[in-house]
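From first to last, the protein sequence lines are chains A and B. Per my numbering, the first sequence starts with residue 12, numbered consecutively. Per my numbering, the second sequence starts with residue 27, numbered consecutively.
The hints are simulated quantities; they were obtained by calculation from the structure and are not laboratory data.
Every beta carbon over 12 Å from chain A, so not counted as near; a handful from chain B, in silico:
#1 P28
#2 D33
#3 R43
#4 L49
#5 K51
#6 I80
#7 I83
#8 D119
#9 I151
#10 D201
Taking lysine to any residue and the SDA-like style, the derived pairs with C-alpha atoms no more than 25 Å apart in a straight line are:
#11 K27/A / G213/A
#12 K41/A / L107/B
#13 K15/A / D97/B
#14 K112/B / M12/A
#15 K184/B / G88/B
#16 K50/A / V89/B
#17 K49/A / R109/B
#18 K79/A / L139/B
#19 K50/A / R96/B
#20 K79/A / Q110/B
#21 K150/B / A58/B
#22 K261/A / A285/A
#23 K202/B / E13/A
#24 K50/A / D144/B
#25 K50/A / I151/B
#26 K106/A / F127/A
Among chain A residues calculated to face chain B with C-beta under 8 Å, some are:
#27 W14
#28 T36
#29 T38
#30 F40
#31 E42
#32 I48
#33 V51
#34 P52
#35 A53
#36 L312
#37 G315
#38 T316
Every residue, glycine too, gets a C-beta built ideally from N, C-alpha and C.
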Amino acid sequence: MEWKRKHLLGLEELSKQEIQLILETATSFKEVSFRDIKKVPALRGKTVVTLFFEASTRTRVSFELAAKRLSADTLNIAINTSSTSKGETLLDTAKNIEAMNVDAMVVRHGLSGSPFILAQGLNCSVINAGDGCREHPTQALLDMFTLKEKFGHLEGLKIALVGDILHSRVARSNIWGLTKLGAQVTVCGPATLMPRGIEQMGVGVDYDLKRVLKNSDAVIALRLQKERQEAKFLPSLREYSRLFGINQDKLSEGSSNLIVMHPGPTNRGVELSAEVADGKQSVILEQVTNGVAVRMAVLYLVLGTKEEVVI
Amino acid sequence: MPQKIMDHETIRRVIQRMAHEILEKGGVEGLALIGIRTRGVALAERLKKAIKNIEGIEIPFGVLDITLYRDDLTLVGATPLVRQTKIDFDITDKRIVLVDDVFFSGRTTRAALDALIDFGRPAKIELAVLVDRGHRELPIRADFVGKNIPTSKNQKVKVVLGETDGQQDEVVVEDK
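Bound conformation, chain A alone (with noise of 0.2 Å):
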């Protein structure tokens, strides 16, 4: 298997194999931030621009990070010191970026499909860190490294995905992702928030929490995006977190060997209890830790080839 992509906009046209390529790449890269000198030497001489049009601290820092460790040089672009306040396009800013040679852009945007604007219009490698409400390839790819690293596979896994579903770009992510690789997936969330024939995304849609607990391997909490309630999905935070919520008692329906994961920042007593986010069954923090080893395995990939653009 040779990775022939530039650009990494999502998991929806990835292969299987091609996942479990950056699965396992990732794997070799992990040990690198163990070392007492977290640093090879693999991008020297490249330039990774990360782009972030929406607010982020793990992803930014994980991406930075995985670039540093990697020897490459980074620069990070907010966007409320840029200069599309002042009214540039978003492929104006980024040619004008690009123009100062930079070999990969990391892009989060508003808009869903703003990664593939980009792709076709520069010249450097992007990189998709969450499009709207369309994908959030690295965030899934994370989070099935750290269910391969805890169940040793991904084939016939029960998972869970919890919370706002419409409104998730984790979501979708991990659903093109875990189907590929032969986990089952079941959905669960308020109905207001279930988008209407996500069934058809190869997904078991159910609304019963601890039915859904009862019957998984593993849980994703997603975050409720309390920025993208405006329409009023949801009468009240309270009903959300009772109905939705995870918490020890809830957990107990499952099995102990459950673990519980989220893709931060957590809403502590919304979509998880502060017991379940620091409890034992929680992988939280390495969900963050296995971040940068994915990142590095996706920056390495995208970089290092020289094939044909694939879009």
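We have chain A already, so just place chain B on it with the hints.
The following block gives chain B in isolation, referenced to the frame of chain A:
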């Protein structure tokens, strides 16, 4: 016309001799073996076993993947597969013997030295290779050589080992 240079028995004897040479030169004090992926690992394991038979001591053993340290990463077409490096002991102040199958340009060894130094500061680093085929491109040479095989640049030295190739051991020189 492929030419068989070493067979299973020769390789076995060569490994024995190299184990003795390594011990003769510095004993077992602080000694550790590190195999360079892929076939260097199998050879390092064999040397470790031979040393155990001679001295009755288990010496530390590690695996090094040098992909990320290659000087031709930007030249090769697709990205080479990165595999795991596994060195579970502190290499600082140790006498490290790097093990590889074929010594050719010296570029693999250069990459391995860079990789190793990121893990600590060994007292000494030595190099053991099964075959030295000539054509060095860097001022690096092997300390322990199984066999010197003069070759031309357009020939290929193929090392086959049971552990990695699932066939009986042999070393073959063939035209590209």
